[in-house]
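J.: Sequence:
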Amino acid sequence: MSGHRGGAEEPGLVAAHRPARRLAADCPLLRRPGRGCERAVPGNAGGGLVTGARSCRTVLCVGALVLLVPACGADPGDAAALLRGDRAFARGEYEEALAEYRLALLRENPGEDGVVRAAHAYLALGRVDEARSLYEQAVAADESYANQAVSDFVALARREYEAGDSYGMASAMEAALHFRPGIVVEGLALPMARHYSNSGEYARARPLYLRALGQNRDDADIVFETALAHEEIGDCERALVYFDQFRELAPRRTAEVSWHVGSCSFQLSRELAEEGALDEALLYLDAMIDLAEPRPLLAQAYMDKGELLAQLGDCLSAVEAFRAVGDADPSGSGPLVGQARARVDEIRFGERGDAPC
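If you're matching positions, the sequence shown starts at 1 in our numbering and goes up one per residue.
Heads up, some of the hints might be wrong.
[Unchecked claim] Ranges of calculated distance between the beta carbons of each label pair, as one might list FRET restraints:
{"#": "1", "residue 1": "Glu93", "residue 2": "Glu256", "range": "19 to 29 Å"}
{"#": "2", "residue 1": "Gly164", "residue 2": "Arg87", "range": "49 to 59 Å"}
{"#": "3", "residue 1": "Ala90", "residue 2": "Pro251", "range": "55 to 65 Å"}
{"#": "4", "residue 1": "Gly334", "residue 2": "Glu201", "range": "32 to 42 Å"}
{"#": "5", "residue 1": "Asp129", "residue 2": "Pro294", "range": "35 to 45 Å"}
{"#": "6", "residue 1": "Glu280", "residue 2": "Glu143", "range": "21 to 31 Å"}
{"#": "7", "residue 1": "Glu232", "residue 2": "Glu108", "range": "17 to 27 Å"}
{"#": "8", "residue 1": "Val241", "residue 2": "Ser144", "range": "41 to 51 Å"}
{"#": "9", "residue 1": "Arg252", "residue 2": "Glu143", "range": "19 to 29 Å"}
{"#": "10", "residue 1": "Arg217", "residue 2": "Pro294", "range": "47 to 57 Å"}
Rather than coming from a laboratory, the hints here were simulated on the basis of the structure. Here a beta-carbon is modelled for each residue, glycine too, at the ideal position from N, C-alpha and C.
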C-alpha cells in the first residue's frame, strides 16, 4: 500500500517507492514499449538479480504501472481527509476533526457536505460566527441545508443554556433565527427573554416573555417581568394589565409594583390629556395619587390634576388640587408650589374670560 511506513520492505514492492523517472528507467514497458529490459531490477525475495530477456516480465511492469499512479498523483492521505475528520469527530477530538475538514476544503473540493462537516465541527467548539458563515455558504448552494443549520444552532443554544452561558445561548439562537426567522424553541423562550431584559433589549425580550407566559400564566414572576418589559418600551397600557395580574397572583407583594403602576399611570394621564381625553386622564392621575408613587412625581401629579379639573370647570376641586401641591412637594417651597399658589389666586380673584375657572 502507498501508505506503508517503517519495517523491512518486501523486495517485490521496492519499485513502488522509487521516483517515477527511475521506475520508467527500470521497466522497459514504461520506458520503451516493445523492448526487453536493459538493466537489472529487484527480483525475488532472495534478492537475486534477473537480467536480460528473462528479467522483464509483463506482470512486473504492469504492477509497477499500477503502483506508479498514486505515486504520480495526489497524496492518498489527502483524499481521506474527510474520513479522518469523521473519525476524529466521533472520538470527540473536535480540533483535529476541524483541521481535517479544513484540509479537505482546501484540497479535495468535497462539496456542500464537506462545508457542513466543517461548520458542525466549529459548532462543537462553540465557534458560532465561523459556523454561521460556512452554513450560509452551504445554504446558498442548497437551501435544504438550512434545516441542518437550525438543528445544530439550537442544539448549541441548549448546551450553552445548560452550562449557564446566556450570551452563548443567545448567540446560537440568533444564528438559528437567521436561517429560520420566527423560530421559538420551547424551554428557551424564558431564558432568552431574561437575557435580553438583563441586557436592556426589552423590545426583543417582550415577544419571548409573551411566549413563556402562554405556558406559565400563574407564575407571578413571569407576569411581573412581562409587565416590566412592556413598561420599558413605553407600552404602559399593556404593562398595567400585567401589573394588575401580578397583584392578583401575589397580593402580599403589591408594594413591589406600586412604583411601576404609579409611574405608568402618570405617563398615561399625560398622553390622554394631550389627546383631549380629560376624564380618562383624570382617572389615571387619581390612581397614581392614591398610590403616592413615584413620590418625586406626586407634586406634579396634583398640579396636573388641578389643571384638568379647571379645564373641566370643577373650580373648587381644582383649587383643592393646587393647594395639595405644597404638601406633596418634598421641600415645600419648590417651583411648583409657587405656580400652584398663583393658579389658586387666578381662580379665586382673576378674570376668567372664556376659561371655566
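J.: Could you say whether the range 47 to 57 Å given as a hint is met by the Cβ separation of Arg217 and Pro294?
T.: violated, 29 Å
J.: Does the Cβ distance between Ala90 and Pro251 fall inside 55 to 65 Å?
T.: holds, 57 Å
J.: That 35 to 45 Å hint for Asp129 and Pro294 (C-beta), does it hold up?
T.: For Asp129 and Pro294 the Cβ distance comes to about 43 Å; the hint holds.
J.: Taking the beta carbons of Gly334 and Glu201, is their distance inside 32 to 42 Å?
T.: Hint holds: Cβ distance 36 Å, inside 32 to 42 Å.
J.: Does the Cβ-Cβ separation between Val241 and Ser144 fall within 41 to 51 Å?
T.: Holds, at about 43 Å.
J.: When you take the CB atoms of Glu93 and Glu256, is the distance between them in 19 to 29 Å?
T.: Violated, at about 51 Å.
J.: Given a hinted range of 19 to 29 Å, is it respected by the beta-carbon distance of Arg252 and Glu143?
T.: violated, 54 Å
J.: With respect to the beta-carbon atoms only, verify the hint that Gly164 and Arg87 lie 49 to 59 Å apart.
T.: Hint violated: Cβ distance 32 Å, outside 49 to 59 Å.
J.: Does the hinted range 21 to 31 Å hold for Glu280 and Glu143 at CB?
T.: Between Glu280 and Glu143, where Cβ atoms are some 52 Å apart, the hint is violated.
J.: Measuring from beta carbon to beta carbon, are Glu232 and Glu108 in 17 to 27 Å?
T.: violated, 52 Å
Of the hints listed earlier, those the structure fails to meet are numbers 1, 2, 6, 7, 9, 10, in rising order.
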